[in-house]
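Visitor: If you're matching them up, the sequences are chains X and F in order. For the record, in the first sequence the residue sitting at position 47 is 47 according to the working numbering, with numbers rising by one throughout. For the record, in the second sequence the residue sitting at position 115 is 115 according to the working numbering, with numbers rising by one throughout.
It cannot be assumed that every hint is accurate.
Stated by the list, open to error - Calculated pairs, EDC-like style, for lysine to aspartate or glutamate (alpha carbon to alpha carbon, straight line, at most 20 Å): (1) K121(F) to D112(X); (2) K119(X) to D112(F); (3) K49(X) to E133(F); (4) K49(X) to E65(F); (5) K49(F) to E40(X); (6) K119(F) to D112(X); (7) K49(X) to E41(F); (8) K49(X) to E62(F); (9) K49(F) to E83(X); (10) K119(X) to E83(F).
In short, the hints are calculated from the structure, not lab data. Given the structure is predicted, the values throughout are model-derived calculations rather than measurements.
There are 2 protein chains.
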Amino acid sequence: MEGGGPPIHPFISPLTYLLGTWRGEGEGGFPTINSFKYGEEIKFWHTGKPVISYTQKTWKLESGEPMHAESGYWRPKPDGSIEVVIAQSTGLVEVQKGSYNADNKIVKLKSDMVGNASKVKEITRVFELINGELSYVVQMATHLNSLQPHLRALLRKL
Amino acid sequence: MEGGGPPIHPFISPLTYLLGTWRGEGEGGFPTINSFKYGEEIKFWHTGKPVISYTQKTWKLESGEPMHAESGYWRPKPDGSIEVVIAQSTGLVEVQKGSYNADNKIVKLKSDMVGNASKVKEITRVFELINGELSYVVQMATHLNSLQPHLRALLRKL
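The following block holds chain X by itself, in its conformation from the complex (with noise of 0.2 Å):
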């Protein structure tokens, strides 16, 4: 969107690997649903402030139709914490609080807050960058079932 022009805060300099268009499939499970597969697309960009802008929306193999979207925020600080905010559009909120390695090319986020749902009680997120491919797993605990993986996928740069 504003992609481009700014110079890159130093704040997050360590994740401008991130910065582009990602496009993939992932696969997604819980022990209540049944298990499918989606195409997705995230974006991440900057406008030259110490924060990345995160947009991500999934779709159908098949039909192309839409499926999930979120977005927010993603603040990194120089001490490897970060902070990422994320609306869903199933309307749920996430802070999400954590560490990054910037050797590693790793993200490590956990909930500090999900709000306004009323079954999900905590979310993990885990964004690793593998042979140059973005790989994600995001867990899930709800009221009846502990901590697991619920979604994972693989993204290449466009």
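Dock chain F against the given chain X, drawing on the hints supplied.
Guide: This is chain F only, laid out in the frame that chain X set:
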């Protein structure tokens, strides 16, 4: 972004007047800060689901330098109620609940939850279509100040 194609879900049809890109100017203030003016762009779009996607960004009028940004999802229900979830570039999340009036083209929201905020206790947002322009007023309460106007703007559809 996804604009154009899919049919409008009946849940969001009372709010289709919002869909599109709005641009204009706003003014901010609060007892604890100097008042300021800003340029602003708001985008509303849909993908055929019962949800309106929302992004907003503001900039300094003189320099065009980016200021605030936020994004989220509006979820109107047929009974006239509406839920809005927002992630802010400042690291806050909001769950807003309220009501819309399709005849008067007014949407009234009040925070059900403000997350990851050290000072902000409550946020209200009123959006109203006035002579074809989109007007909003944001009020805010903090740990030190009671609910009072913080932001107001007037935007024209592009």
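Visitor: Hints first: check each against the structure and report whether it holds.
Guide: Now for the hints, and whether the structure bears them out:
no. : hint               : in the structure
1   : K121(F) to D112(X) : holds (18 Å)
2   : K119(X) to D112(F) : holds (17 Å)
3   : K49(X) to E133(F)  : violated (30 Å)
4   : K49(X) to E65(F)   : holds (10 Å)
5   : K49(F) to E40(X)   : holds (17 Å)
6   : K119(F) to D112(X) : holds (17 Å)
7   : K49(X) to E41(F)   : holds (18 Å)
8   : K49(X) to E62(F)   : holds (18 Å)
9   : K49(F) to E83(X)   : violated (29 Å)
10  : K119(X) to E83(F)  : holds (17 Å)
In summary, the structure is inconsistent with hints 3, 9 from the numbered list given earlier, while agreeing with the others.
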